[in-house]
Amino acid sequence: MPLQICILETDILRPELIDQYQGYGRMFERLFAQQPIAAEFRVYNVMEGHYPPDSEHYDAYLVTGSKADSFGSDPWIETLKTYLLDRYAKGDKLLGICFGHQLLALLLGGKAERAEQGWGVGIHRYRLAHQPAWMTPVLEELTLLISHQDQVTKLPENATLLACSDFCPIAAYCIDDQVLCFQGHPEFVHDYSKELLEIRQQHIGEQAYRRGIDSLQHDHQGHTVAEWMMRFIAHGRSGLDL
1 MPLQICILET DILRPELIDQ YQGYGRMFER LFAQQPIAAE FRVYNVMEGH YPPDSEHYDA
61 YLVTGSKADS FGSDPWIETL KTYLLDRYAK GDKLLGICFG HQLLALLLGG KAERAEQGWG
121 VGIHRYRLAH QPAWMTPVLE ELTLLISHQD QVTKLPENAT LLACSDFCPI AAYCIDDQVL
181 CFQGHPEFVH DYSKELLEIR QQHIGEQAYR RGIDSLQHDH QGHTVAEWMM RFIAHGRSGL
241 DL
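Mapped onto the UniProt record's numbering, the consecutive letters of the sequence shown carry residue numbers 1 to 242.
Think of the hints as simulated: they come from the structure by calculation, not from any bench.
Just so you know, these numbers come straight off a predicted model, no measurement behind them.
Do not take every clue at face value.
Here are the computed distance ranges between Cβ atoms for each label pair [claimed, not checked]:
| hint | residue 1 | residue 2 | range |
| --- | --- | --- | --- |
| 1 | His57 | Gly205 | 19 to 29 Å |
| 2 | Gln4 | Gln201 | 38 to 48 Å |
| 3 | Asp214 | Pro53 | 45 to 55 Å |
| 4 | Ser55 | Ile213 | 15 to 25 Å |
| 5 | Lys90 | Arg211 | 34 to 44 Å |
| 6 | His57 | Ile199 | 31 to 41 Å |
| 7 | Thr79 | Glu141 | 33 to 43 Å |
| 8 | Asn158 | Ile199 | 17 to 27 Å |
| 9 | Pro15 | Thr79 | 39 to 49 Å |
| 10 | Tyr51 | Arg14 | 16 to 26 Å |
| 11 | Val189 | Lys67 | 10 to 20 Å |
| 12 | His57 | Gln202 | 40 to 50 Å |
| 13 | Glu16 | Arg114 | 21 to 31 Å |
All residues carry an ideal CB built from backbone N, CA and C; glycine is no exception.
Given the sequences, and given the hints that come with them, work out the whole structure.
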């Protein structure tokens, strides 16, 4: 039986990007469709107030990236916080990317804030601090496309650090078999990152823009991270471990 995954979409793409990329939920659907574990997806845009009905249950709930700050107080963010804490208390598996990575850290006792390092853009390299059994295939280092000016600066007390760099000391973490989060964007593709860089060039500054553009000549390992995420969800599910 395929995994059932709920994608909680926390952004709406810029108008000039919607026709080609649709949204972060659709990007994840395309990415996960290429993985060895079968899954079905439902996307709910929580910015617009959409959530799954109480009668639906999923093997995991994934919180996407967003232009919003995870430490913001927008009403939709407060609603999402309550929803995620309820899901966590019920033992559901939660995954977070970028904004989701930061929001879940905040909710579970960590800290996220505007990073003094400034904008991280383009392709970034991370050291792997720990690799549980579900993190296969095994990598010596991790590369991911990124776009963020906020970072997790303190882990929840019971979290395990998975990936780090000098620029981003807390780039990925897990909490037991229930929470898995990444600062980078496995769902991004090079063309989308390039368009974001072009749109944000003046905002992020010429130096960061040029560094990001130059980095796009390299590959990234979003597909491997997606496989890790699917294996994390399947881990402990009867008949689904690979």
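Item to check | 21 to 31 Å as the expected CB spacing between Arg114 and Glu16, which holds or is violated | outcome: Holds - the Cβ-Cβ distance for Glu16 and Arg114, about 26 Å, lies within 21 to 31 Å.
Next on the checklist: Quick check on a hinted range of 16 to 26 Å for Tyr51 and Arg14, using CB atoms only.
Outcome noted: For Tyr51 and Arg14 the Cβ distance comes to about 24 Å; the hint holds.
Item to check | Thr79 and Pro15 - C-beta distance against the hinted 39 to 49 Å | outcome: 25 Å, violated
Checklist entry - Do Ser55 and Ile213 keep their Cβ atoms within the hinted range of 15 to 25 Å? => result 47 Å Cβ-Cβ, so the 15 to 25 Å window is violated.
Item to check | 19 to 29 Å as the expected CB spacing between Gly205 and His57, which holds or is violated | outcome: Violated - the Cβ-Cβ distance for His57 and Gly205, about 45 Å, lies outside 19 to 29 Å.
Next on the checklist: Is 17 to 27 Å respected by the C-beta to C-beta distance linking Asn158 and Ile199?
Outcome noted: Given about 38 Å between the Cβ atoms, the range is violated.
Checklist entry - Using the C-beta atoms of Gln4 and Gln201, is the stated range 38 to 48 Å upheld? => result About 40 Å separates the Cβ atoms of Gln4 and Gln201, which means 38 to 48 Å holds.
Item to check | Supplied distance hint 10 to 20 Å, evaluated on CB atoms of Val189 and Lys67 | outcome: For Val189 and Lys67 the Cβ distance comes to about 19 Å; the hint holds.
Next on the checklist: The hint says 33 to 43 Å between Thr79 and Glu141; measuring C-beta to C-beta, is that right?
Outcome noted: 38 Å, holds
Checklist entry - When you take the CB atoms of Asp214 and Pro53, is the distance between them in 45 to 55 Å? => result Hint holds: Cβ distance 47 Å, inside 45 to 55 Å.
Next on the checklist: For the hint 40 to 50 Å, verify it against the beta carbon of His57 and that of Gln202.
Outcome noted: 45 Å, holds
Item to check | 34 to 44 Å as the expected CB spacing between Arg211 and Lys90, which holds or is violated | outcome: At roughly 43 Å between Cβ atoms, Arg211 and Lys90 fall inside 34 to 44 Å, so the hint holds.
Hint compliance for this structure: hints 1, 4, 8, 9 are not met, and every other hint is.
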